[in-house]
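Each chain, written out:
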Amino acid sequence: MAKWTDKIAKSQVWKSVFRHGYPSSDRNRSLIVLSNVFLHLHPVKTRTSGIRLSYTWCMGGISFFLFLALTVTGVLLMFYYRPTVEYAYNDIIALREHVPLGIMRELHRWGAHAMVIAVWLHMYRVFLTGSYKPPREFNWNVGVILLVLTLLLSFTGYLLPWDQLAMWAITVGSNMARATPFLGSEGPGAAFLSLGDIKLVHAGDDVRFALLGGRFVGAGALLRFYVLHCVFIPLAAAFLIAIHFWRVRKDGGISGPL
Amino acid sequence: MTEENKPNQPEEKKPETGVPGETPKPVSEAPKPAAPAAPKPAVAKPAAPVKEITRRSFISWLAVGWIAFAAGTGGAVMSFVRYLFPNVLFEPPTSFKAGYPDDFLVGRVDERYKNKFGVWIVRNTEGFYALSTVCTHLGCIPNWQPAEKKYKCPCHGSGFYKDGINFEGPAPRPLERFKITLADDGQIQIDKSQTYLFEKGQWSDPDSFLKA
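First to last, the protein sequences are chains A and B.
According to the numbering used here, the stretch in the first sequence is residues 1 to 258, in order.
According to the numbering used here, the stretch in the second sequence is residues 259 to 470, in order.
Be aware that a few hints might be false.
Stated by the list, open to error - Using 27 Å as the maximum straight-line C-alpha spacing, the simulated BS3-like pairs for lysine-lysine come out as follows: (1) B:K408 / A:K199; (2) A:K199 / B:K437; (3) B:K372 / B:K309; (4) B:K309 / B:K355; (5) B:K355 / B:K420; (6) B:K408 / B:K437; (7) A:K15 / A:K3; (8) A:K199 / B:K458; (9) A:K250 / A:K45.
Hints listed in this document are in silico derivations from the structure and should not be mistaken for laboratory results.
Being a predicted model, the structure only gives us computed values, none of them experimental.
Input sequences plus hints: build the corresponding full structure.
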């Protein structure tokens, strides 16, 4: 047995992947962390107090776990869901009625609700433990952007079932974009942006129009929200999550008790 | 300009590497300062007038490069933003003909054009007006309830009288009215691009009401 493991560990395939020995020494244990793209985002050492459940609530980790779970279930949902006015609602019904494991959409939905809660609680914990203070101010800001992206993911996903609730929730929600300063047709400053009687910012070219791809929530809005929900915002979030984790390490690991 | 100055005051110049390199230039382009400048090129560079890139010209080329880069990037970003606004919308037209005045009964709220165009056409004893079906609270579509003679919004419960005035719920202002005129063929013409707001006193505008 030992002969075989030795043979595998000395094979070219094994050595091309792992460039360190068994984690039997401190040096090898550090090398494992340093030479692994996922582990190297983590702090090399953590305080025992820092990983106490009563201190972190594990909310950052749970948020990340939910992000991964939502990515997997979301990609699986994409195999059946078509983001068009004709099919969207029927595909959502079919996901429940005609597809094995009909709770896939519910997993995604409940996971999404849980992620919003977890991200809020994570932020609350970081605030309570003072972990936003120097040298961690930058990472706090990254976290705030991640919170916004989480809420935007939640918002864009809300339209995709294309039922009455989705329709009117997004109608109401996107109407808020009208009030964007200078960029929204009814926002402060929009009235100044006009040449005589010609309004430069109106319902046909303001930020709400860009979001919906039309003057009301229709086929264009469904497709835009789908692309934002499935591609654009998750990519941005994954990018920032990597920075977020790496900064935890660079800023000295999880903060200690006050 | 700089090339003209250089030969005249070569000693005061900062130690620019360009001095020997640039001297050939004035010789070829400006014969005027030939007397003071002439000895220099003879010493420094007797060979062909090869144009070297001096530090100064390099920086100015660098500036040109950066401006071009910024312009190109800015143009690309502008194009990408413009890309988000399609040239053609597959939405119902904003202006449409709603049939002949005789098609409408006095006292009735006509709902035929609600689904496609978002317009209620109401006829009273004096004439016609076209009401927007968009709730002034948050943009949902209220329902006309004939028994209670009111438009009731299902989202947050705003209520409007038949003429569009709000009387209950969170709606802050009355429903909007659209331009309503008589077309050449005698049909009622609605133009949704022109709105008339009660709170601005625009309901007295002649185009907001069609006399029967």
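Here is what the structure says about each hint:
For the hint pairing K408 (chain B) with K199 (chain A), the CA-to-CA distance comes to about 34 Å; that exceeds 27 Å, so the pair is violated. Distance restraint check for K199 (chain A) and K437 (chain B): the Cα-Cα separation of roughly 19 Å lies within the 27 Å cut-off, and the hinted pair is therefore satisfied. A threshold of 27 Å between alpha carbons decides the hint, and for K372 (chain B) with K309 (chain B) the separation of about 75 Å lies outside it, so the pair is violated. For the proposed pair K309 (chain B) and K355 (chain B), the alpha carbon gap of about 74 Å is over 27 Å, so the pair is violated.
About 22 Å separates the Cα atoms of K355 (chain B) and K420 (chain B), which keeps this hinted pair within 27 Å; it holds. Between K408 (chain B) and K437 (chain B) the CA atoms are separated by roughly 22 Å; this keeps the pair inside 27 Å, and the hint holds. At roughly 16 Å between alpha-carbon atoms, K15 (chain A) and K3 (chain A) fall within 27 Å of each other, so this suggested pair holds. Between K199 (chain A) and K458 (chain B) the alpha-carbon distance is near 18 Å, which keeps this suggested pair within the 27 Å criterion.
Among the hinted pairs, K250 (chain A) with K45 (chain A) is consistent with the structure: their alpha-carbon atoms are about 11 Å apart, no more than 27 Å.
Hint check: violations occur at hints 1, 3 and 4; the rest are consistent with the structure.
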